[in-house]
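**Q** Below are the chains, spelled out letter by letter.
2 protein chains.
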Amino acid sequence: MSTEHENAIQTEGDLLRDALARSKRKRVRRILRTMHPAKIASLLETLTPLQRVAVWQQIDEPHEAKVLAHLSPTMRDELRREGDQDGLDDQDDQGQTSSTKTLADAAGESKPAVQTQLRLVLEALEAGKLKRIARLFRKLHPARIAGLLESLPAAQRVVAWDMVDHERAGKVLRHLHEEVRRRLAAEMDLDDLVESARGLEPDDLVDLIQDLPAKLGREILLALNRRERERVESMLSYDEESAGGLMNLDQIAVRAEISVGTLLRYLRVLDVLPPNTDKFFIVDRKGRYQGILRADRVLTARPETSIADLMETDFEPVSVDQPGEDLARRFEDQDLISVPVIDAGGHLLGRITIDDIVDLIREQGERSMLGLAGLDEETDMFAPVLSSSRRRAVWLGINLLTAFLAAGVIGLFEGTLEQVVALAVLMPIVASMGGIAGSQTLTLVIRGLATGQLVAGNARILMLKEVGIGVLNGLLWAVVVAALSILWFGQWAIGAVIGVAILLNLLCAALAGVVIPLVMRRLGIDPALAGSVVLTTVTDVVGFFAFLGLATLVLL
Amino acid sequence: MSTEHENAIQTEGDLLRDALARSKRKRVRRILRTMHPAKIASLLETLTPLQRVAVWQQIDEPHEAKVLAHLSPTMRDELRREGDQDGLDDQDDQGQTSSTKTLADAAGESKPAVQTQLRLVLEALEAGKLKRIARLFRKLHPARIAGLLESLPAAQRVVAWDMVDHERAGKVLRHLHEEVRRRLAAEMDLDDLVESARGLEPDDLVDLIQDLPAKLGREILLALNRRERERVESMLSYDEESAGGLMNLDQIAVRAEISVGTLLRYLRVLDVLPPNTDKFFIVDRKGRYQGILRADRVLTARPETSIADLMETDFEPVSVDQPGEDLARRFEDQDLISVPVIDAGGHLLGRITIDDIVDLIREQGERSMLGLAGLDEETDMFAPVLSSSRRRAVWLGINLLTAFLAAGVIGLFEGTLEQVVALAVLMPIVASMGGIAGSQTLTLVIRGLATGQLVAGNARILMLKEVGIGVLNGLLWAVVVAALSILWFGQWAIGAVIGVAILLNLLCAALAGVVIPLVMRRLGIDPALAGSVVLTTVTDVVGFFAFLGLATLVLL
Numbered sequence: 001m002s003t004e005h006e007n008a009i010q011t012e013g014d015l016l017r018d019a020l021a022r023s024k025r026k027r028v029r030r031i032l033r034t035m036h037p038a039k040i041a042s043l044l045e046t047l048t049p050l051q052r053v054a055v056w057q058q059i060d061e062p063h064e065a066k067v068l069a070h071l072s073p074t075m076r077d078e079l080r081r082e083g084d085q086d087g088l089d090d091q092d093d094q095g096q097t098s099s100t101k102t103l104a105d106a107a108g109e110s111k112p113a114v115q116t117q118l119r120l121v122l123e124a125l126e127a128g129k130l131k132r133i134a135r136l137f138r139k140l141h142p143a144r145i146a147g148l149l150e151s152l153p154a155a156q157r158v159v160a161w162d163m164v165d166h167e168r169a170g171k172v173l174r175h176l177h178e179e180v181r182r183r184l185a186a187e188m189d190l191d192d193l194v195e196s197a198r199g200l201e202p203d204d205l206v207d208l209i210q211d212l213p214a215k216l217g218r219e220i221l222l223a224l225n226r227r228e229r230e231r232v233e234s235m236l237s238y239d240e241e242s243a244g245g246l247m248n249l250d251q252i253a254v255r256a257e258i259s260v261g262t263l264l265r266y267l268r269v270l271d272v273l274p275p276n277t278d279k280f281f282i283v284d285r286k287g288r289y290q291g292i293l294r295a296d297r298v299l300t301a302r303p304e305t306s307i308a309d310l311m312e313t314d315f316e317p318v319s320v321d322q323p324g325e326d327l328a329r330r331f332e333d334q335d336l337i338s339v340p341v342i343d344a345g346g347h348l349l350g351r352i353t354i355d356d357i358v359d360l361i362r363e364q365g366e367r368s369m370l371g372l373a374g375l376d377e378e379t380d381m382f383a384p385v386l387s388s389s390r391r392r393a394v395w396l397g398i399n400l401l402t403a404f405l406a407a408g409v410i411g412l413f414e415g416t417l418e419q420v421v422a423l424a425v426l427m428p429i430v431a432s433m434g435g436i437a438g439s440q441t442l443t444l445v446i447r448g449l450a451t452g453q454l455v456a457g458n459a460r461i462l463m464l465k466e467v468g469i470g471v472l473n474g475l476l477w478a479v480v481v482a483a484l485s486i487l488w489f490g491q492w493a494i495g496a497v498i499g500v501a502i503l504l505n506l507l508c509a510a511l512a513g514v515v516i517p518l519v520m521r522r523l524g525i526d527p528a529l530a531g532s533v534v535l536t537t538v539t540d541v542v543g544f545f546a547f548l549g550l551a552t553l554v555l556l
Numbered sequence: 001m002s003t004e005h006e007n008a009i010q011t012e013g014d015l016l017r018d019a020l021a022r023s024k025r026k027r028v029r030r031i032l033r034t035m036h037p038a039k040i041a042s043l044l045e046t047l048t049p050l051q052r053v054a055v056w057q058q059i060d061e062p063h064e065a066k067v068l069a070h071l072s073p074t075m076r077d078e079l080r081r082e083g084d085q086d087g088l089d090d091q092d093d094q095g096q097t098s099s100t101k102t103l104a105d106a107a108g109e110s111k112p113a114v115q116t117q118l119r120l121v122l123e124a125l126e127a128g129k130l131k132r133i134a135r136l137f138r139k140l141h142p143a144r145i146a147g148l149l150e151s152l153p154a155a156q157r158v159v160a161w162d163m164v165d166h167e168r169a170g171k172v173l174r175h176l177h178e179e180v181r182r183r184l185a186a187e188m189d190l191d192d193l194v195e196s197a198r199g200l201e202p203d204d205l206v207d208l209i210q211d212l213p214a215k216l217g218r219e220i221l222l223a224l225n226r227r228e229r230e231r232v233e234s235m236l237s238y239d240e241e242s243a244g245g246l247m248n249l250d251q252i253a254v255r256a257e258i259s260v261g262t263l264l265r266y267l268r269v270l271d272v273l274p275p276n277t278d279k280f281f282i283v284d285r286k287g288r289y290q291g292i293l294r295a296d297r298v299l300t301a302r303p304e305t306s307i308a309d310l311m312e313t314d315f316e317p318v319s320v321d322q323p324g325e326d327l328a329r330r331f332e333d334q335d336l337i338s339v340p341v342i343d344a345g346g347h348l349l350g351r352i353t354i355d356d357i358v359d360l361i362r363e364q365g366e367r368s369m370l371g372l373a374g375l376d377e378e379t380d381m382f383a384p385v386l387s388s389s390r391r392r393a394v395w396l397g398i399n400l401l402t403a404f405l406a407a408g409v410i411g412l413f414e415g416t417l418e419q420v421v422a423l424a425v426l427m428p429i430v431a432s433m434g435g436i437a438g439s440q441t442l443t444l445v446i447r448g449l450a451t452g453q454l455v456a457g458n459a460r461i462l463m464l465k466e467v468g469i470g471v472l473n474g475l476l477w478a479v480v481v482a483a484l485s486i487l488w489f490g491q492w493a494i495g496a497v498i499g500v501a502i503l504l505n506l507l508c509a510a511l512a513g514v515v516i517p518l519v520m521r522r523l524g525i526d527p528a529l530a531g532s533v534v535l536t537t538v539t540d541v542v543g544f545f546a547f548l549g550l551a552t553l554v555l556l
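Each protein sequence line maps, in turn, to chains X and G. With the UniProt record's numbering applied, the first sequence corresponds to residues 1 to 556, in that order. With the UniProt record's numbering applied, the second sequence corresponds to residues 1 to 556, in that order.
Wrong hints could be hidden among the right ones.
Chain copies aren't distinguished; within one or between two, either way the pair holds.
[What the hints assert, rightly or not] Straight-line Cα separation of at most 25 angstroms, SDA-like style, residue types lysine to any residue; simulated pairs:
id, residue 1, residue 2
1, K171, T552
2, K286, V158
3, K131, S259
4, K286, L518
5, K171, T74
6, K129, T305
7, K129, A459
8, K139, E312
9, K129, R460
I should point out that these hints are in silico values taken from the structure, not numbers from a laboratory. Bear in mind that the values here come from a model prediction, so they are computed numbers and not experimental data.
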């Protein structure tokens with residue numbers, strides 16, 4: 001061996017040891033790919049057994065044999081055993097089916113399979129069999145990989161993330177929730193990240209850049225060619241959840257004058273059409289939107305027909321600043337696959353496709369559920385304890401204020417409580433019944449507002465209906481609670497007081513459940529986020545005040 | 001006039017008066033359509049002014065002039081004024097734009113427009129200008145009409161429903177939520193309902209029949225021809241939310257041996273393809289699924305190419321009994337438009353398209369939000385007071401049991417409360433902080449279970465993380481609440497007791513938030529429905545017990 005060669009080994013070896021020490025597995029794999037099998041083999045001989053196994057897990061399977069050929073016989077056997085175990089492990093395990101079958105199941109898409117995949121990944125991580133993860137990932141759709149990564153605790157997630165081939169990393173990033181996406185992108189070497197980002201569609205790229213720290217985003221932009229960069233930069237200016245932010249630039253736009261035959265020749269040149277191409281867009285000489293041509297019309301028309309005869313001019317385009325929520329409703333109502341997006345001057349800018357709308361609808365559903373618990377920013381189940389604690393503390397703090405308010409009301413009646421301690425025992429019942437009834441009304445009204453089905457003209461009727469329900473349920477539960485309280489404490493007066501308090505609180509809960517979200521909406525506050533706190537405050541305060549106030553009047 | 005003629009007038013007049021008296025406006029319209037303008041005119045002369053206006057609102061606009069021509073001059077002027085007012089009303093109204101503009105806006109799809117439409121309908125109902133509603137409805141997509149109908153209070157909804165042309169009534173029914181759909185279908189005359197149902201796709205027809213009383217469903221089935229009936233009956237046997245229940249039968253299936261040219265000739269015969277046809281399905285001689293051919297491959301291929309060369313055989317079909325939830329995830333992950341559905345023998349049965357999946361995702365989102373408030377069956381904002389009250393009473397009753405349990409715990413410490421009444425004042429704070437913290441954890445776990453991201457392998461780590469958050473937030477708020485309580489009551493011991501109780505309750509809330517939904521899932525109970533009640537019970541009981549128990553030990 002020449003000195004130069006030795007130096008080269010040394011340098012690559014150092015890089016590799018450094019990457020190993022810092023657990024940068026993607027980098028280890030990248031370095032290994034540039035190395036000759038013989039070099040890898042001699043490097044392996046110099047490593048500690050632990051390091052050796054770690055490096056071995058990063059060697060691509062097709063290259064294993066070549067590297068083995070260059071190893072000393074003992075080491076070859078050692079590593080070959082390491083490799084074989086991969087396949088054998090599961091068979092050794094009594095309770096499990098053979099690994100081939102499990103993997104075949106795992107590649108399917110039903111839910112048990114999803115959970116089987118997750119279990120496989122968790123086991124492989126436990127056993128340090130990273131190759132097994134890489135093998136599974138290669139069989140799965142990027143969205144599924146994203147789902148698996150999100151299911152992993154933070155430390156293990158980084159390890160598994162390193163086993164995603166960087167050609168697919170961009171697509172996986174696209175499918176991750178914002179918080180996880182930001183963290184995993186930050187884990188990557190900059191050039192890997194840039195490389196992965198390159199494979200993305202412009203709209204996904206825009207999403208990714210918006211979620212990354214500004215510096216990383218700039219690096220990605222710089223790596224694009226001028227035309228791509230200009231496109232992405234123009235899209236970055238739109239709000240993430242407006243038509244502009246959801247829009248893609250892969251539309252096929254043609255002029256009305258051409259014939260179906262000409263269009264078909266053009267499509268044949270393209271060979272593969274962009275996904276979700278259910279219609280083509282017709283533009284005039286200046287790029288202004290004129291109408292649509294459904295793809296199936298092209299299939300069924302004769303080649304000599306002019307597109308002008310087949311196009312539909314009454315298909316309404318979407319304005320670039322239209323909010324995503326309205327778009328989702330239109331897609332849903334009209335069963336659309338794609339719609340054209342135009343600017344204020346009527347020029348065709350791009351199109352929005354159903355896949356992005358489906359993601360939007362799912363996210364909205366999730367957000368409204370998480371929002372009710374004050375968790376709207378907590379999209380990562382395994383976010384670090386400290387940042388989760390901080391975010392949740394805000395919600396607990398707000399709640400504490402309202403709890404102290406309720407306590408303050410109780411405090412007004414200390415004298416009464418001292419004399420009739422039974423009141424302290426029954427007190428939470430009044431508040432809790434009001435809270436439950438109120439949140440039922442609140443949920444219905446929030447939904448009505450979100451769907452646009454509630455306006456000034458029908459809100460009064462809804463309120464009447466809710467008050468009606470409040471009266472009926474108020475009477476019913478007033479009687480039940482009064483009877484139980486009398487049985488418990490043997491005092492008619494206590495029963496009467498709690499019954500009236502419950503009726504009052506349920507009526508008040510119905511009113512508050514309708515009024516609070518309507519007022520919040522008018523003030524520009526999202527009732528889905530803050531409504532329930534305000535409502536509980538009202539039902540607590542009214543409940544305690546009515547119950548203890550009445551008791552003071554009647555019992556003392 | 002012959003006697004016979006007079007009799008006929010009389011009979012139709014009777015029918016009409018009867019329909020009017022019973023507010024069956026759809027029937028009135030149907031009768032009017034069969035009558036000669038002269039007959040209608042002479043009938044109008046015999047009616048009371050109120051009846052006359054009501055009938056006039058049901059005469060189709062194109063026929064107005066013909067009927068007017070047969071009327072006496074005074075009545076003609078009277079009714080013409082009635083008609084003219086329709087157009088003038090809005091202009092007379094100072095605060096409003098001209099009706100043409102409002103209607104044009106209303107036909108758009110942005111949210112302000114949705115609310116404008118609703119306002120228009122409510123105003124028209126108020127003024128009895130039913131024709132205006134019919135005119136608006138004719139411009140709108142059935143889904144939008146359904147949305148408007150759902151926004152109307154029950155009585156007004158029936159009136160507006162009668163203004164939906166019965167040719168479109170089926171499509172509108174398809175877009176209504178189950179509860180509303182059932183009510184409005186019951187409002188229709190049977191033959192109208194059968195007629196409307198006929199225009200539906202088999203899968204929508206199946207949905208409709210499943211929601212109707214068995215008797216009505218049978219009538220609809222009987223009105224179909226044998227082939228249709230057999231199809232629908234076979235689909236009725238599948239679970240509504242399984243692949244079979246979501247499946248449609250409009251797929252285009254071809255054999256692999258034919259050429260693209262042959263396929264194109266076949267498609268030209270069809271002329272219009274079923275919506276969402278992004279792929280064709282390849283079957284063998286026995287109808288067994290072989291693979292897919294993407295529609296854009298047909299567009300870009302040369303006519304002589306064989307389909308066997310273009311088809312993809314690795315596209316995984318869906319089994320007819322696969323649950324809808326998994327399907328939704330697959331559509332979402334893989335950005336699909338349609339998938340083939342096969343039976344256990346591999347035969348192609350039908351296909352599932354994205355529009356039904358979008359509806360499913362939206363419904364799931366809604367249900368999980370409504371379910372948290374025990375409202376999962378309350379899809380009609382304007383359901384009758386009595387049935388709403390009954391449904392909600394169940395939830396209130398369950399909650400009452402848990403409230404009495406909490407009260408029972410407080411009752412154990414009556415002696416303590418008698419001596420230190422400050423405890424009664426602070427008590428709700430401990431319970432409420434625990435409830436909020438617990439519901440945050442619970443929400444996260446329920447979401448993890450729903451997405452399949454939570455399994456035995458990572459549940460322990462999630463629990464550790466949640467307990468960690470519980471410790472941090474517990475310490476923080478223990479200190480804050482203790483400090484505030486000492487300031488309020490001037491007793492160090494009370495501060496210490498409430499601080500420790502809050503820490504304990506937040507820890508317990510974290511554990512319960514993870515464990516309760518996992519146990520429920522294993523027992524086959526939906527944690528999204530019942531989880532929060534059980535959780536609040538735990539945090540109330542633990543909170544009260546810890547606080548009052550510690551106080552008894554420390555303060556007495």
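**Q** From the Cα coordinates, with 25 angstroms as the cut-off, is the pair K139 and E312 best called within, between, both, or neither?
**A** between (42 angstroms within a copy, 17 angstroms between copies)
**Q** Should K129 paired with R460 be assigned to within, between, both, or neither, using CA atoms and 25 angstroms as the limit?
**A** between (64 angstroms within a copy, 21 angstroms between copies)
**Q** Within a copy, between copies, both or neither: which one fits K129 and A459 at a CA-CA cutoff of 25 angstroms?
**A** between (61 angstroms within a copy, 21 angstroms between copies)
**Q** Please work out whether the CA atoms of K286 and L518 approach to 25 angstroms or closer within one copy, between two copies, in both situations, or in neither?
**A** neither (45 angstroms within a copy, 60 angstroms between copies)
**Q** Check K286 against V158 for me: Cα-Cα at most 25 angstroms, and say if that holds within a copy, between copies, both or neither.
**A** neither (49 angstroms within a copy, 49 angstroms between copies)
**Q** Please work out whether the CA atoms of K131 and S259 approach to 25 angstroms or closer within one copy, between two copies, in both situations, or in neither?
**A** neither (54 angstroms within a copy, 43 angstroms between copies)
**Q** Measure nothing new, just compare the shortest in-copy and cross-copy C-alpha distances for K171 and T74 to 25 angstroms and report within, between, both or neither.
**A** Neither way: K171 and T74 sit 41 angstroms apart in one copy and 74 angstroms across, limit 25 angstroms.
**Q** Reference check for the pair K129 and T305, CA-CA at most 25 angstroms: within, between, both, or neither?
**A** neither (61 angstroms within a copy, 46 angstroms between copies)
**Q** Which holds for K171 with T552 at a C-alpha limit of 25 angstroms: within a copy, between copies, both or neither?
**A** Neither. Shortest intra-copy (66 angstroms) and inter-copy (60 angstroms) distances fail the 25 angstroms Cα cut-off.
Comparing the model with each numbered hint stated earlier shows that hints 1, 2, 3, 4, 5, 6 do not hold.
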